[in-house]
Amino acid sequence: MGKHVVVIGAGVAGMEAAGRLSRNGLEVTLLEKESVAGGHINDWFRLFPDRRDSNEVREYLINLSSDPKIQLKTGASVDKLTRHGSSYLLTTDAGENINADAVVVATGFSLFRSSRKEEYGYGIYENVISSADLEKLFISGEIVISSGKAPQRIGIVHCVGSRDEKVGNLYCSKLCCVTAVKQAIEIKEHLPDSEVFCFYMDMRMGGALYEELYREAQEKWGVNFIRGKVSEASETIDGKIVVKVEDTLAGRPLKMDIDMLVLMAGMEMSEGGSKLAATSGLKTGENRFFASADHHFGSNISNLEGVFFAGTCIAPMNVTETISHARAAVTEVMEYFSNNNR
Amino acid sequence: MDKFGFTISKGRQINYDQNDRRIYNYIIENEPSFRNCIACGGCSGSCSAGNFTRFSLRELNILINRGENDLPRTNLKKCMLCGKCTLICPRGVNTRNVVFLAKQAFKRFDSYAF
Amino acid sequence: MDNLFDKLMEDIRFEEGLNACMNCGVCTAICPAAEFYSYDPRKIVDIVQSRNNELIEDLLKSEQIWYCGECMSCKTRCPRGNAPGLIIMALRGLSQDLGYFTESEKGRQQLAIKRTIGESILNTGYCVYIDGISPEFHPEQGPTWEWVHENRVDLIERLGGNYKGDGPGILRKIPQETLDELKKIFEVTGGLERYEKIESYSKKKAAEMNLDFDEGIDNEYFSHIYKTNNGSHTR
Amino acid sequence: MKNEGKKAVWSEYQKEIADDKFFYVRSCIRQNFFPGSEVAFLRILKEVLGKDVYEHPCHTTCSGIGYHGDIVPFETAMTVVARQFALMTEAGYENYVPSCITSFGLYTEILDTWHHFPEVEKKIRKNLKEATGREFEAPKNLAHASDVIFKFRKEIAAKAKYKLINKNTGEPLRVVDHIGCHYAKMFPSKGVGGAEYPYVLAGMIEEWGGQVIDYPERRHCCGFGFRQYLVQANRGFSVACSKEKFESMQPFKPDMIITNCPGCPMFLDRWQYVINEIEGKQYGQNGEGIPVFTYEEVAGLVLGFDPWDLGLQMHQTDCEPVLDKIGIEYSPEDKYKLNSLNHSQPKHLVVNV
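Protein chains in written order, with this note's numbering: chain A, 1 to 342; chain B, 1 to 114; chain C, 1 to 235; chain D, 1 to 353.
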């Protein structure tokens, strides 16, 4: 066939798509803006719901995408995407031009920048960290606060940057609830004597084995759940974080001193994705993610013929869903080529 | 009061750091399923006592968990131990035993026991 | 009977202040009034968005709607762009229009605010004017204020003010023509009507409560509403 | 506490503040309780900075306290404010500077309402015309008086006689800033530094040598709450709010409090006295209380104005501990001096003599 596909983004979706495309005999260029492939999974210690080592998934993806038919270009982001006849011309930030018979957009998501929720003091109060920062602590094997000590009481704030008009994100990021529960359990594994509190608005545990994990957190680990959106955090003279929340189930405001506050950052359209949308004419939806042709049966299809979406560039997804979505994108690419060859 | 015509109001926030959580701890030690409550309200929705009085096991669970023991202390008496809530609870909390244990705990730790 | 939700919707602040509430409690968590009063702005918004006429009527007659201090901290934080503080303002307005405010201890206090601040606006052009801030009514102002109040003519002159003087400056006399303009504005925009409603409903309530009612602040009813606190607000 | 984080937030809230030709509108509360501050504001702008500031003798209250006491309908308040705008327009000014935070908040709310509901603005124009025959232009620039002092904080620092530094230790004074709720909580983008970490006072403190103290209840309301203070029966709530703040700031050992709202400094000052009377608890170091200042009082002190010209003798909580720490020259015997005939003193001092 000799067709050449460019996959933009070498995260879970991009690596999966590249690997499957090459298995179908296509030439693939896999572009990654960072210096290594892997995407967000590189920064995560263990994955929900079973707390498996993220390296196992990463190794699978690296094996899958290590194929002579796949050329991985790291440190390369796409500045421009223009149509030329039946193919596309992509220009990278280094000025390189690449021709593609089809394009798979797998630009993924960015984690919500937690400092934008100013009232939580991320980047200001020493012991307010994000879910991603906590993963780094897990990787380092040591959970400590600014004083160098282990935290005794840890608070986890759900919906940071999700379901929140104040930051322009009306949608639910879907993965933060289960991430919170996973991280709460991991904290308890590291620090069995600590107390962990999850502050949530709704527990959205809609995935295979998620609800079971929630139950395990309560039953086995004694994680506490308080229904209320944290209104503000502040810092005491000895570096503790004071949390103000309404315990809505008790119908009273609640105030609590906490040693470490973890913010469950939501998912947003990635910066690279936004840039691509602005220069390529690819449509985005209300939530700034790319807009698919059809919500139910065309979620891989874009408004540009021959350009397909894979993974979280269209909406929050977990790893399982991302991999499935990437495979579906490959199916669409194959069908596109076979229709055009006829 | 006389001089100014008012007194300084006291806060009504749940002060988690100062509250007494011995009642809660006693219950979960002896009935670990108490931890599994997700505050769905199934118990209070079906409660025979709650039909006629201001009794809610859901509320009671939350308050005891937070160490806000005043309302549970008096309200517990309203439970008739019919056990309907135990049938309904989707998380398998042994609600009947929770009520028993709560009463025991109040007797044990509380100077104002019933 | 009127649909109270529709009536509330006539208030632009209500329209602005109410979007779909998801009961997250972020408002109550930060609310100074919820900290000291038996008050939960989340529940108020929830009642209002239920559009239940009876519940809204109860609310309009309740103590609850008078606890808010209108600091608007709730508006800063609401993830759905609601402003419970503005909703409260709309509820208070309607409660006064319908005469429901006299049904609660805190609501009855509106007469005290009308008689002090309200009349000061029209009579002096200031919300408050030093002559009216007497140490007798404001013991909490402390002994220094007693001295300030007693020596206000000399003190304000010493500090460069213009106490009851002509032209610009601190505590100047506001010209009569200006006060006439203010009064006319109140007449045209419903301000006077609000004042009159507060007066007439209060008078009715005073009769019901068997308390003397007269103009000014030196009468039984005024003294009662200004000072009474039955102690059940902070439970 | 990481200051870089705050700086990043501050940088997102840049507010345009006019440079000259201000139409000044007074505050009801401040004229009664802090007359020296408004005098100092005009003195600093006119004499120290050489700016054009105009005050119209016929301006009035904005009716804001009545509005937030819920006795003045929104439509009435909007029309009263429209009249103030008309005076500005007639006088040929475009930069509106209210001295009051409640007013500032009300103006901001009204301009925002008119922006979203142009038919309301139309109606108010009609009301004003009918009631007074006047017409108006909305301000080109709306800045609170503290915004203006913030804008010129460096010029003031350049002419300063004193710094907010403890002359004995050489350490910066520890200063708590308290921002009036209606400054930015309703419209964060209208305040210097936004709603969560307002920079308007912090910027002055830093520029004049002090150290800003951030404490857990920094954002909490002073408790005025309009009807909550105005009616005696409700004052227990009002004082409780301030008490919560004092309790929270006390471990940080603040030397002073600086505020930009009319009511807050009065309450933070008086409630210390009341709490001490009711509960026997005195805040601050050595049982002296925590002195509370307006931003003009602090600017005036820094510029070397006489403390008694600034009206500091009107404070219930003595300000002398701060004056002494900075090393400000003042004459203790002149504190209550009014004129050659009036030699009165506050009663509690007379009793003690």
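If you're looking for bench data, these hints aren't it; they were derived computationally from the structure. Check the hints yourself; a few may be wrong.
Output of the computed footprint for chain A on chain D, the stretches with three or more beta carbons under 8 Å from beta carbons of chain A [as the list claims (entries may be wrong)]:
1. 106-119
2. 194-206
Below 16 Å or equal to it, Euclidean Cα-Cα: the simulated EDC-like pairs (lysine to aspartate or glutamate) are [what the hints assert, rightly or not]:
3. C:173 / C:131
4. D:347 / C:136
5. D:123 / C:105
6. D:163 / D:206
7. D:159 / D:47
8. C:183 / D:206
9. A:188 / A:135
10. C:227 / B:2
11. D:123 / C:187
12. D:337 / C:196
13. D:2 / A:238
14. D:123 / C:11
For each residue, glycine too, the CB sits at the ideal point set by N, CA and C.
Status of the hints after comparison with the structure:
{"no.": "1", "hint": "106-119", "verdict": "violated (count 0)"}
{"no.": "2", "hint": "194-206", "verdict": "holds (count 4)"}
{"no.": "3", "hint": "C:173 / C:131", "verdict": "holds, 12 Å"}
{"no.": "4", "hint": "D:347 / C:136", "verdict": "holds, 15 Å"}
{"no.": "5", "hint": "D:123 / C:105", "verdict": "violated, 35 Å"}
{"no.": "6", "hint": "D:163 / D:206", "verdict": "holds, 10 Å"}
{"no.": "7", "hint": "D:159 / D:47", "verdict": "holds, 12 Å"}
{"no.": "8", "hint": "C:183 / D:206", "verdict": "violated, 45 Å"}
{"no.": "9", "hint": "A:188 / A:135", "verdict": "holds, 14 Å"}
{"no.": "10", "hint": "C:227 / B:2", "verdict": "holds, 11 Å"}
{"no.": "11", "hint": "D:123 / C:187", "verdict": "holds, 15 Å"}
{"no.": "12", "hint": "D:337 / C:196", "verdict": "violated, 45 Å"}
{"no.": "13", "hint": "D:2 / A:238", "verdict": "holds, 14 Å"}
{"no.": "14", "hint": "D:123 / C:11", "verdict": "holds, 14 Å"}
Comparing the model with each earlier hint shows violations of hints 1, 5, 8 and 12; every other hint is respected.
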